[in-house]
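Student: The primary structure of each chain is shown beneath.
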Amino acid sequence: MNKAKGSGFRVQGSGGLRLSSSVFRLPCLLLAVLLLAVSGTLLAQASPEAQDEQRFSRIEPLDFRSEVEQARFRSLTNELRCTVCQNESLAESDVPLARDLRREIFHMIQDGRSDMEIRSFMVDRYGDFVLYRPPLAGHTLLLWAGPIVLLLGSLIGVIIVIRRRQQALQ
Amino acid sequence: MIRMIIPLAIFLGLVALLLVSLETAEQRKLVASPLIGRPVPNFTLPGLHDPDVQRSSADLQGEPYIINVWGSWCWACREEHPYIERLGNESGIPLVGFNWKDERQDALRWLNQFGDAWTFHMVDFEGRAAIDLGVYGAPETFLVDHEGIIRHKHIGPVDQTVFEDLMRRIMEMRSEAES
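These protein sequences, in sequence, are chains X and P. If you count the first sequence from 1, position 157 lands on 157 in the working numbering, and the numbers rise without skipping. Position in the second sequence counted from 1, then plus 170, gives you the working numbering.
Quick caveat, the hints were computed from the structure, so don't treat them as lab data. Be a bit skeptical, because a hint or two may be false.
Stated by the list, open to error - Per the computed footprint, the stretches of chain P lying under chain X, defined by three or more beta-carbons under 8 Å from a beta-carbon of chain X, are:
{"#": "1", "stretch": "202 to 213"}
{"#": "2", "stretch": "297 to 303"}
{"#": "3", "stretch": "317 to 324"}
As the list claims (entries may be wrong) - Residues of chain X placed beyond 10 Å of chain P at every Cβ, according to the derived structure:
{"#": "4", "residue": "L34"}
{"#": "5", "residue": "E69"}
{"#": "6", "residue": "R74"}
{"#": "7", "residue": "T83"}
{"#": "8", "residue": "I118"}
{"#": "9", "residue": "Y126"}
Note that the Cβ used here is the ideal one computed from N, Cα and C, for glycine as well.
Bound-form chain X, shown alone (with noise of 0.2 Å):
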């Protein structure tokens, strides 16, 4: 099968092989705009240190017994979702049910509770929806290991593109 393609590509010389690549040409571009588009998006959310500093200046204060309670505060309330609006973590959202989740996470952390209990804390009454970084799990797997499949089956692609490009021109 692989062999009467490559020599089919052979047979139609180098005039069959421009044409068809002019022909190629805009789908791959499309394809390819639309991936890093994609892969943009991607980049730009798991990102969430950057505007650290703006975002907690909207917090109310609150009074940390500890650098390490604190650096765990922030850290819980980044990466937990407001349920609210969807696109804001806890440490972003404005509305009143995150100030109330904010204020429940600070207690728990006062009282001693690890990050592990919090979550599920958080997970037991909102789902798996709230955590930025959902478990592995069956259901998850295709969101955990697409990427890397999609990375692997693109490069794959590339060098076999590759590799009967230099052997046509062989």
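Since the structure of chain X is already known, use the hints to place chain P on it.
Tutor: Frame of chain X, contents of chain P only:
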């Protein structure tokens, strides 16, 4: 020929996927509550008309009931009010008002203006019990069966379709409770 079609097909496939996701984005905003199928959390709250009376969710157990989360500040609660009124009159089971993060005076005035079809109201000024209930926006309507298990939750205003669906589920719960 096939080689030219493949990238185009992938591209069109992705476009289709994104379009479909856009269409269903509204539904994804409705977070499925992990509390469905689990017992109602324990909370004790004061009444709205009777602030001195403390009622607990455990007291309600024994028959099916409805919890309706509302607030005088909530615009969609006005929208659904006629249907909530009908639930109170036609369901045959208690309709518990969960007055969420509201001012007592405003809430009482709101009820005066629109009508009070609820069996009684519990007031959660702090919003602590609401967190345990997994409430994230008013209005929300919970159906609880006679064993105190949350059977259904509707997020957003009740309209004719939702009303009919709720009534069907309520009738199911009632016949379960009787048998």
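Student: It remains to establish, for every hint, whether it holds in the given structure.
Tutor: Status of the hints after comparison with the structure:
1. 202 to 213: Per the Cβ count (4), the hint holds.
2. 297 to 303: Check passed, 6 qualifying residues.
3. 317 to 324: violated (count 0)
4. L34: X/L34 is in fact no farther than 10 Å from some Cβ atom of chain P, at 6 Å.
5. E69: holds (21 Å)
6. R74: holds (20 Å)
7. T83: At roughly 4 Å from the nearest Cβ of chain P, X/T83 sits no farther out than 10 Å, so the non-interface label is violated.
8. I118: Per Cβ check, X/I118 is outside 10 Å of chain P; nearest 12 Å; holds.
9. Y126: violated (6 Å)
Figure legend: structure checked against the earlier numbered hints; hints not met, in rising order: 3, 4, 7, 9.
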